[in-house]
Each structure stands twice: as structure tokens, then as C-alpha cells.
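**Student:** Residue numbers (the working numbering), protein chains in the order written: chain X, 738 to 1061; chain R, -6 to 190.
Since the hints were derived computationally from the structure, they do not count as laboratory data.
This structure is a prediction, so every number in the text was calculated from the model and none was measured.
Warning: the hint list may mix true and false statements.
As the list claims (entries may be wrong) - Derived BS3-like pairs: lysine-lysine, alpha-carbon spacing no greater than 27 Å straight-line:
#, chain 1, residue 1, chain 2, residue 2
1, X, Lys899, X, Lys985
2, X, Lys1057, X, Lys1045
3, R, Lys179, X, Lys922
4, R, Lys53, R, Lys181
5, X, Lys885, X, Lys984
6, R, Lys181, R, Lys106
7, X, Lys825, R, Lys106
8, R, Lys49, X, Lys802
9, X, Lys985, X, Lys885
10, R, Lys53, R, Lys182
11, X, Lys897, X, Lys885
12, X, Lys839, X, Lys897
13, R, Lys64, R, Lys101
14, X, Lys1045, X, Lys1060
15, X, Lys825, R, Lys123
16, X, Lys936, X, Lys922
17, X, Lys897, X, Lys856
18, X, Lys984, X, Lys916
19, X, Lys922, X, Lys945
20, R, Lys181, X, Lys922
21, R, Lys179, R, Lys106
22, R, Lys53, X, Lys1045
23, X, Lys1045, R, Lys49
24, X, Lys825, R, Lys118
Stated by the list, open to error - Now the stretches of chain R that chain X is said to cover, found in silico as 3 or more residues with beta-carbon under 8 Å:
#, stretch
25, 77 to 91
26, 130 to 138
27, 154 to 163
Unchecked claim - From the derived model, a few chain R residues whose C-beta atoms are all more than 10 Å from chain X:
#, residue
28, Asp102
29, Ile109
30, Pro148
We treat Cβ as the ideally placed atom computed from N, Cα and C, and that holds for glycine.
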Amino acid sequence: MSAANTFRQGTSLYCFQSEYLRFQLSFEDCMQLASQLGDKGVEIVGPMHVRTWPEVSNEFERQFKSSCQRFGLTPTHFAAYGDDPVLKNEDEVFDYYITQMKGASRLGFPLMRGPSDNKPMVERLLPYCEKLIVKLVFEIHAPMALGKDPATIDLAEWVKQKSSPYLGFNPDGGSFTNKITDRLKRSAQRYGVPDAIIKRCIEMYDSKMPVDKALEEAKTMGADQTAIWAVNMFYGQAPASDPEELKKIMPYIFHFHGKFWTWENGQEPAIPYEQIVRALVEGGWANGYLSTEFEAGGPETDSFEVVKGFQEMVRGYVAKYSKT
Amino acid sequence: MTEQVSNKGRISRRSLMKATGVSLALGAASCTPATQQQQPPQTFGCMALPLVGAAKPAPKDRSFLDDLGFKNVTVDGKKGYQVQLRCTGYRGIPLWSVQDVTINVDGKDVNPKDLIFILEGNRYKATELKNQMGVQWWVLSYGTLFVPNAEGMKPGEHDVEVTMNYISTYGRRSMASGPTGISTQKGKKRLTLEAEI
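All chains should be modelled from the sequences, with the hints used to inform the complete structure.
**Tutor:** As C-alpha cells, this is what we get:
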């Protein structure tokens, strides 16, 4: 399906969440749909799809492997979670991760999401990567901005220095969001943030005013704790990473989350996917799956058709920028 | 097998099951290992199963306080009534993140100490959920809130409101956590008492 010497396309079962959570699609149905998309890579979300998460039961192991075999699916990435805010200490976080790594390994996933903000934890987990044949990938997810946020620059340097075959990146399309969308506006409205502050914040964001200045101005407008959160949230959810930055970490990109929310006229209006795919193709990324993560299903939406459309769009850009 | 299925132009449940059985048998003998990365693995006959475009069943209620399940019940020999709850995120929540659960029926608060929360058949005091380290509330599982009450709930419609506060697993910077890091699920509905069975 994809051009030679470039990345493949896969699907995170996260895409079908609306139908799955409303009991319209079973896990098996989702697997079958994934097998009719892209290059048949499949990603699952640990706590969403595995009833016994963070452990993987024998029953689920067989169910998953049987399904992969039947539908010709290749496991790509196991979405794991740290959940630090509800764990007591680093030993508990370590156990949480190790349990998930063992599960990912049993299911045949070559990649698992690792803790991008906890290097000592990664050092502790690293010896187990080799034993379990699971690589840890760091998701560059909003509010992180690739190449802008000091934390991501530092992490990229560290991964290069470590130069371990078991450590890499999973940039998330959401980190390239460059517009404050209606979805974000609605979320602020839900918490009662005044429309005047929302409107002004969007103007400030669009004029590329730094977040500190935007916060100052919001305070002069009488922003309370909730409104301050909203300003941070707007800037955080639209970090506007520059797709060209991908080229700097290209050898370490093992996976890419094709996140999107809005699907209008064959496009996600708030994320520059053409530039993203162009950077990946020009950078020669052939080392993994671009895994679709559609995040805005609903009873009126056929998630499968939306995902199919997104993957066709990506395929079009791959063809456009591939030199044949 | 699948050709035969599609030639008929009409797919029955039985033919789907047969097709799956054949492919399973084939798969055991001739499958390509799922770990092979170089080429997309071989696929089998059941690929023609027509899930895509098939009519979807009606969506079930997705809200925290479920439309269904409000009825009188007997739990462990105690009479009372129950409501059904679901966690509304996409990935469930750790049960031990739940700080409190409260229910108000027809304007009257029930003493939280009386409430029993039932998950996967296990009974917990609603005030002790935060001690259930390691218990995950899976996203497809309904939690049942049981209110012991010797007289049971009178038939007909009742105003039911359930509130649950829990620590967001995402931390304060996340949009999902809201402004405080404590997430609240609230359901307020006028529910009709269902028959006991």
C-alpha cells in the first residue's frame, strides 16, 4: 500500500472508541476493521482493550494473537500508562511499567510507550527491554512542542547520547496543532470560562504572543484560577511544533501517532499533515508505522470511514513527496 | 468458503461462523508469523466478512449514570435498590483514585457510609474505594451502586443524582484533568424503577 522505502500505515483501535464504548463494535470487530485499513498495523490501548490491564491474561493473549493471525494484522505499539498521580512512589511506578512491558511482550508488540519525563525510570526499565524484546518509545504529545520545549530538546539529546536500540520517539500529530479549535473552546466554556477571555486568548495565540504575556493580559482581564488554566490549556493543546524538527530526530522515530480530531473536506484543519508527511518522506523515515489516532468519534460518525479518509490523505502526500 | 458466501450475496450469522472456522483451521497450518515485519502478513478467507458498511446496532447509553439498571435488588440477603454507573473516559480509572461517591434520590442524600459499590461481582464499601490499590475499573464494565433499604424503592419515576470525585491520572497540566486535578463525574436523571428481574 505504501510507497517503497517509506513508512507504513497502521491503526490504533483507539480510533473506534465511540462505537466500542457504546457496544456497537466488539474488540474483534475493531481488529477486523483495522485489517481493512492501511498496511494492517494494529495498536491497542492497554487499559481500554485489556480487561485485566495492567496485566495480560492468558485468555486475552490467545484472543489477540488468534485475531492477528486471522486478519493478517501486525502488532505495532502498545499504549501503556504511568499514572504517577495515583501511585505512591517510584517503586510502584516501576512495577506498573514492568507489568505492562511483560504484557506487551507476550502480545508480540515490538514497541511500548515509555515515561518521557522520568529518565531514572527509563534507566531502570532499560535492562528489561532487552530481555522482553520491547522498545520504549517516548511520545511527544501536547503540551510538549518538538524542538521548542526545553524538555523535548533535552530528551532528544539524551536519547542520542544513550544511542540504545531500545529507545526512540513517537511524535504525536496533536503536538503540531497550530489553531485553537472549537473543540478546545467548548472545553473551556464547559468549565465556565468567560467568552471575553476565550476570545481574547485566541487572538493572542493567533498573533503568536508568548504564553507568559497572554497569562499576564488574561489576569488584567480578571481571569480566575479556571480561566488561567484555560489559557495554559489553549497554548498547551496547540503547541505548533514545526514539522521540520522531525528531521533532527529521524533515526530515533520508531512510531508516529496520526492524531486528529476534526475531519472536514478530507483534511484536519488544525494540524499541518501535508508538512508532517513531507518531512517524514524527505527525512527518509522507513522505520515504523504512522498509526492513526482519530479522537472525535460519536454516534453520528462512522469512525472507519473517517480513518480510511485520513489514511488516503496521508497516502496522497506520501506519493506527492516520494521521489520515484 | 468466502466466495460461496459472497456469491449468495446474503450473509447469515451461520455462514460467518463457518467462514471463520475454516480460516482458523487454515491459519493454524499456513499462517505467516505476526512478528514478520518485512512484508504485510498473508491474510485468509474471512477477510471478505462484510463488517464494513454493515448496519450498526443502536448505541448504548454512554453516560456516567446509566439509563438502565435502576431497580430493587437483594444483595447478600439485604434488601435495597441499585443504579448502574460507567466511567466516562476512554480507558477506565483506577478504583483507588475514587475519593468519594454520593447519591441523592428525590432530593434526599443517602448516608455515604451505607453505600456498597459492586464491580465485577466484588463488593466494596463506597467510602473505602480509595484503599483498593490495584483494582482497575475497566471502561466496558458497569459499576453498581447498591443502597441498602429495607422498604426498597417505590415504583415509578424518581430523581436520581450520583456524584463521584476522583484523582485524575493525568496530573494538573492535562486538559483531561480540568483546573484542579480532581475530576468529577455527575449524573442527574429522572429514572423509572425497573421490574426486579
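**Student:** Now tell me if each hint is right for this structure.
**Tutor:** Status of each hint after checking the structure:
At most 27 Å may separate the alpha-carbon atoms for a hinted pair to count; Lys899 (chain X) and Lys985 (chain X) meet this at roughly 16 Å. As the CA atoms of Lys1057 (chain X) and Lys1045 (chain X) are separated by approximately 18 Å, the hinted pair is consistent with the 27 Å bound. For the given pair, Lys179 (chain R) sits about 21 Å from Lys922 (chain X) by alpha-carbon distance, which is consistent with the 27 Å threshold. Restraint check for Lys53 (chain R) and Lys181 (chain R): the C-alpha separation of about 18 Å stays at or below 27 Å, so the hint holds.
Of the pairs offered as hints, the one joining Lys885 (chain X) and Lys984 (chain X) holds, with about 14 Å between alpha carbons and a cut-off of 27 Å not exceeded. Proximity of Lys181 (chain R) to Lys106 (chain R) is assessed by CA-CA distance (about 21 Å); at most 27 Å being required, the pair is judged to hold. For the hint pairing Lys825 (chain X) with Lys106 (chain R), the CA-to-CA distance comes to about 26 Å; that is within 27 Å, so the pair holds. Straight-line distance between C-alpha atoms of Lys49 (chain R) and Lys802 (chain X) comes to about 26 Å, which keeps the hinted pair within the 27 Å bound.
Taking the CA atoms of Lys985 (chain X) and Lys885 (chain X), the gap is near 12 Å; set against the 27 Å cutoff, the hint holds. Straight-line distance between C-alpha atoms of Lys53 (chain R) and Lys182 (chain R) comes to about 16 Å, which keeps the hinted pair within the 27 Å bound. Annotation: proposed proximity of Lys897 (chain X) to Lys885 (chain X) holds, straight-line Cα distance about 17 Å (limit 27 Å). For the proposed pair Lys839 (chain X) and Lys897 (chain X), the alpha carbon gap of about 26 Å is at most 27 Å, so the pair holds.
A C-alpha spacing of about 18 Å is found between Lys64 (chain R) and Lys101 (chain R), which places the hinted pair at or below 27 Å, so the restraint holds. Annotation: proposed proximity of Lys1045 (chain X) to Lys1060 (chain X) holds, straight-line Cα distance about 24 Å (limit 27 Å). Annotation: proposed proximity of Lys825 (chain X) to Lys123 (chain R) holds, straight-line Cα distance about 12 Å (limit 27 Å). At most 27 Å may separate the alpha-carbon atoms for a hinted pair to count; Lys936 (chain X) and Lys922 (chain X) meet this at roughly 9 Å.
In summary, the hint linking Lys897 (chain X) to Lys856 (chain X) is supported, as the alpha carbons are separated by about 13 Å, within the 27 Å threshold. Restraint check: the Cα-Cα separation between Lys984 (chain X) and Lys916 (chain X) comes to about 23 Å, which is no more than 27 Å; the hinted pair holds. Restraint check for Lys922 (chain X) and Lys945 (chain X): satisfied, since their Cα atoms lie roughly 18 Å apart, inside the 27 Å limit. With a CA separation close to 25 Å, the supplied pair Lys181 (chain R) and Lys922 (chain X) stays within the 27 Å bound.
For the hint pairing Lys179 (chain R) with Lys106 (chain R), the CA-to-CA distance comes to about 19 Å; that is within 27 Å, so the pair holds. Distance restraint check for Lys53 (chain R) and Lys1045 (chain X): the Cα-Cα separation of roughly 25 Å lies within the 27 Å cut-off, and the hinted pair is therefore satisfied. Restraint check: the Cα-Cα separation between Lys1045 (chain X) and Lys49 (chain R) comes to about 18 Å, which is no more than 27 Å; the hinted pair holds. The suggested pairing of Lys825 (chain X) with Lys118 (chain R) holds, with an alpha-carbon distance near 22 Å, which does not exceed 27 Å.
Counting residues of the stretch 77 to 91 of chain R whose CB falls under 8 Å from any CB of chain X gives 6; the rule of at least 3 is met. Judged by the Cβ-Cβ criterion of 8 Å, the stretch 130 to 138 of chain R is covered by chain X as claimed, because 4 of its residues qualify and three suffice. With 4 residues having a Cβ less than 8 Å from any Cβ of chain X, the stretch 154 to 163 of chain R passes the three-residue criterion, so the hint holds. Every CB of chain X is more than 10 Å from the CB of Asp102 (chain R) (nearest about 25 Å), matching its label as outside the interface.
Distance check for Ile109 (chain R) against chain X: the nearest CB is about 22 Å away, which clears 10 Å, and the non-interface claim stands. Its beta-carbon lying about 28 Å from the closest one in chain X, Pro148 (chain R) satisfies the requirement of being farther than 10 Å from that chain.
Every hint, counting from the list given before, is met by this structure.
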